[in-house]
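Undergrad: Protein chains in written order, with my numbering: chain A, 1 to 121; chain B, 1 to 121; chain C, 1 to 121.
Some clues are possibly wrong.
The calculated label-pair distances, taken between Cβ atoms and stated as ranges, are [to be verified]:
1. C:Pro13 / B:Glu75: 27 to 33 Å
2. A:Pro74 / B:Thr117: 19 to 25 Å
3. B:Glu75 / A:Glu37: 27 to 33 Å
4. A:Arg72 / B:Ile119: 36 to 42 Å
5. B:Ala55 / C:Gly71: 22 to 28 Å
What the hints contain is simulated information worked out from the structure, not anything from laboratory work.
Small disclaimer: the values here were computed from a predicted structure and weren't measured.
Idealized CB from N, CA, C, for every residue including glycine.
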Amino acid sequence: MPHLHMEYTANLPELNADVALMRLNNALVASGQFGAEFDIKARAVKVETFRVGTALGERAFVHVKLALLSGRSPEIKKQLSESLLAVVQDVCEWPAGVEVQLCVEILDIDRESYTKTAIGH
Amino acid sequence: MPHLHMEYTANLPELNADVALMRLNNALVASGQFGAEFDIKARAVKVETFRVGTALGERAFVHVKLALLSGRSPEIKKQLSESLLAVVQDVCEWPAGVEVQLCVEILDIDRESYTKTAIGH
Amino acid sequence: MPHLHMEYTANLPELNADVALMRLNNALVASGQFGAEFDIKARAVKVETFRVGTALGERAFVHVKLALLSGRSPEIKKQLSESLLAVVQDVCEWPAGVEVQLCVEILDIDRESYTKTAIGH
Numbered sequence: 001m002p003h004l005h006m007e008y009t010a011n012l013p014e015l016n017a018d019v020a021l022m023r024l025n026n027a028l029v030a031s032g033q034f035g036a037e038f039d040i041k042a043r044a045v046k047v048e049t050f051r052v053g054t055a056l057g058e059r060a061f062v063h064v065k066l067a068l069l070s071g072r073s074p075e076i077k078k079q080l081s082e083s084l085l086a087v088v089q090d091v092c093e094w095p096a097g098v099e100v101q102l103c104v105e106i107l108d109i110d111r112e113s114y115t116k117t118a119i120g121h
Numbered sequence: 001m002p003h004l005h006m007e008y009t010a011n012l013p014e015l016n017a018d019v020a021l022m023r024l025n026n027a028l029v030a031s032g033q034f035g036a037e038f039d040i041k042a043r044a045v046k047v048e049t050f051r052v053g054t055a056l057g058e059r060a061f062v063h064v065k066l067a068l069l070s071g072r073s074p075e076i077k078k079q080l081s082e083s084l085l086a087v088v089q090d091v092c093e094w095p096a097g098v099e100v101q102l103c104v105e106i107l108d109i110d111r112e113s114y115t116k117t118a119i120g121h
Numbered sequence: 001m002p003h004l005h006m007e008y009t010a011n012l013p014e015l016n017a018d019v020a021l022m023r024l025n026n027a028l029v030a031s032g033q034f035g036a037e038f039d040i041k042a043r044a045v046k047v048e049t050f051r052v053g054t055a056l057g058e059r060a061f062v063h064v065k066l067a068l069l070s071g072r073s074p075e076i077k078k079q080l081s082e083s084l085l086a087v088v089q090d091v092c093e094w095p096a097g098v099e100v101q102l103c104v105e106i107l108d109i110d111r112e113s114y115t116k117t118a119i120g121h
């Protein structure tokens, strides 16, 4: 906890996913909501097969999901979502002529049944 | 919103994921539940490593997840699920001798903490 | 139902995802919680782009998500989570010098709107 997922469509060649994850993780650390930077587990997946809507025209999206152990307030969740969206907006030059949608979603992880362990730490 | 994910196992060579996404998006537009076709963001992922159950025998699955901003009624969700399942059933010739499971799941997106923006729109 | 997802970072060369899925499915069958082995649909995804925290140093993770039709008790969910974590811990030799985090998360599938069908069964 937390787990961050970033999906991005393959028609965003300027998006460096490694850099994006580092900046997103930095934003999470800076939020002060997480005890240990070590706990933040982020991954990015490039989506090769996608479709935005039904009309023609070049479209793209970046969708970030942040999953948190249940119990945080709506205000905190909203703040985290806005912080991550600000990072995504700023993460690259967006291609001209492409309609790009950026979204951030916050999910709860069921705290009672979440189990974890660390090896070699 | 909405976000549609389609996972399909790699042993379904007749499944054209681009066509499937277009038809699924068309079904969502036709449902009348969404204000703008532009909002529908769909992606498909071919699953190369999978296991259905524990017995031997060729098995496959297609799993569609539709994530909606929270607040829709159970009846609407059920209707959307059934519409998408009907699309999936009809999307290709299913291979003989393979047990194929098709599933549609509807998820809520926490409305309060969801943030988004559009670039170049 | 149930659906099992396993994500694992690409720096875990000893992790055989096929073997892991078979063992995880066997653990689910052995739990006695599921009527038919056929219903268990598991997949694994190797994550090539990831970032754990913000510090330097080699880090890795395995994240298993088990999605169940809503209605099971917290105790059952916790037991399933612990069973799966025990399988993951034992699934390979973990690399020396790498901090590996293993996590298991249990999710509810909205029962009312879940639809499925089987072909060729």
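Undergrad: Compare the structure with each hint and give your call.
TA: How the hints compare with the structure:
no.	hint	in the structure
1	C:Pro13 / B:Glu75: 27 to 33 Å	49 Å, violated
2	A:Pro74 / B:Thr117: 19 to 25 Å	20 Å, holds
3	B:Glu75 / A:Glu37: 27 to 33 Å	45 Å, violated
4	A:Arg72 / B:Ile119: 36 to 42 Å	29 Å, violated
5	B:Ala55 / C:Gly71: 22 to 28 Å	26 Å, holds
Hints 1, 3 and 4 from the list above are not met by this structure, while the remaining hints are.
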